[in-house]
Amino acid sequence: MISLSDIPARGGSPFTPAMGLFVALLLTAPFWLEPIGLYHYLGIEIAIWILFALGFNLLFGFIGLHSFGHGAYLGVGAYAFGLFQQEVTVSLWGGLAVAILAATLAGAIVGAFVSHRRGIYFALMTIAFGQVFWFGAIKLHSITGGEDGLLGIARPDLVVGPMRLDISDNISLYWFVAVILVLAVVALWRIVNAPFGRVLQAIRQNETRAQFVGYNVWLIKWLTFTLSAAFAGLAGGLFAMAQESAYPDVMSLHQSGLIVMMVLIGGGLVSFWGPVLGVLLYFIARDIIGGITETWLLWFGLMFVIMVMVRPEGVAGLIHVLRQKFAQTQQKTVAPASNPERA
Amino acid sequence: MMELVPHIINGLTLGLLFALIALGFTLIVGVMEVINLAHGSLFALGAYFALATLGGGWFGSTEFGVWWLSLPIGMRYVFALVVGPLLAAGAGMIIELCLRPTYGKAPLYGLLLTFGAALVVEELIRLIWGTGEQSLTVPQAINGAFLMGGLIFSKYKFFAAGFALLAIGGVWFFLERTPYGAIIKAGSHDSEMVRALGYDLSKLRLLVFGFGASLAGLAGIILTPIWGLRPHVGLDVVIPAFLIIVIGGVGSFWGAVLAAVLVGLSVGITGAYAPAWSMMSMYLLLIAIVGVRSRGLLGRKSALEN
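Heads up: the sequence lines are chains A and B, in that order.
FYI, this note's numbering numbers position 332 of the first sequence as 332, with every residue one higher than the one before it.
FYI, this note's numbering numbers position 199 of the second sequence as 199, with every residue one higher than the one before it.
Note that these hints are calculated values from the structure, not bench results.
All C-beta atoms, glycine included, are put in the ideal place defined by N, C-alpha and C.
There may be inaccurate statements among the hints.
[Stated by the list, open to error] Listed next, with one range per pair, are the computed distances between beta-carbon atoms:
hint	chain 1	residue 1	chain 2	residue 2	range
1	A	Asp287	B	Val78	44 to 50 Å
2	A	Thr89	B	Leu127	47 to 53 Å
3	B	His232	A	Asp287	21 to 27 Å
4	B	Gly130	A	Arg198	51 to 57 Å
Generate coordinates for the entire structure from the input sequences, incorporating the hints supplied.
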């Protein structure tokens, strides 16, 4: 089986072909979404979930901590954004900052509890904490609005210096989310290709060795957990804006499980871009299969089960294997005799 | 203190019911080191199969169907108690067959596959039985309420708790006092040696998974009259089972039973003071216990930690 570090990650410049393709698709999306029969709101949703999934993969794929309660931090971000708009002041940057801060704080506290757990115990503890947040969101009626959640969250104006732009319609909100996403992706790319990212992968491969080399494994795990929660909080703030509400459903185990499915099916375990593919696949399944039959989740679930059985490396792993095969056959045709043992 | 008594009794019965749910789960975790997230779906599936058996849904309005419905409900109920778990076992065995490629890989894959299977089963239930709430009728003899010490108790809850006790005893007897139990335990301890002794391990795994699934189905039939039956009931059920296994210690039979009773008591007693928060108490109990004892109350080292 291949893993993340078998695919050489080119360090340094984030301007790779994959990044170029990603940015190009993202920035042209408003022009082709409607002609191919989709709608702009879907673009916003996909962009937010990509942001969430990429941040989550820092934890899931890179350091190998399998959190099953990550929806909680998205939810915390969403509620923080909403509460800030309703209780303090209507401000875009303020709301997003508070969303990130709140999720970071929640992640830091939970991270302190779970970072020394290993394997399945880590997964179980994250589920328990996720359920605590979810339960709290439902039961703290006076703050969170209970099961209905916070309704009527505004989409505040974008203020940059002297400029003041209205982003309350879906197209301009899409542009805003897309720009944030590009910035976040470049930041994440820098993180995983920096020495810090290498340490994360070292910890996933062999925790004891990483410890003996002198890294403070607990601290790095905790930092990664917190960082990943911060990205979830940002995604949550944007999500509250997109939905114009915040509700407990996103914190449920079901949603936290779905994000794991998306990351895995796309190949988050083997590639930086895996989560992106996974999110796309999920939303395509939801909107296209969902348009044909109401039981689309049945087909998505079946696809997922088959994927885990035959190709647990996901779509990205599949692409990697196909490319390797392609390169091998090309090599064979170019120089068949020069390297016989290779064939 | 006296006013707490009914809550403690409620908590104890609830704990026994939790133990019944967790029984199949702990068996599969302990023997196969697979976290079976589809456990709750098998629970629901067992209950739905029993529902279809009890209501004669299988046979429609054929002559046999009419004859079947004319039978006394007690007889049909007992029959459903046998058929439901058996069919759930069949579904569990299919999941086990799908699980085979994940053996020897990280435990994460087993967990993910069963999560996918849970989704599939839930959607299938929606497709076949619809999304609405259903209820399972039980015979008159175990329905209704009775008075004890000036307090009203539900007869069915006591029947269910007694049944749970019986099931716990039965599984314990099977694992500890029969040669089959010995092989299963040996298989979880040292699978290579068991294979070297000539036992077919893959058949053993299939049977254990089927047995665990049938226990889930049985729990479903027993608990449905109390908790109601919805397609997503699986998720509501797998979480307590999960927590109980972790609190009790993965793979420990008595740990699971003890944890289930503790969880039941904490939910029951919290219910006396803050009913809205009663279900929250089990998560806090988990965080408190696992925060101190990382392997749970009676846990031992397991491959799932890697």
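Here's how the hints hold up against the structure:
The hinted range of 44 to 50 Å is satisfied by A:Asp287 and B:Val78, whose Cβ atoms lie roughly 48 Å apart. Under the hint 47 to 53 Å, the C-beta atoms of A:Thr89 and B:Leu127, about 49 Å apart, fit the expected range. At about 22 Å, the CB distance of B:His232 to A:Asp287 agrees with the hint of 21 to 27 Å. For B:Gly130 paired with A:Arg198, a C-beta distance near 53 Å keeps the hint of 51 to 57 Å intact.
This entry satisfies every hint, going by the numbered hints stated previously.
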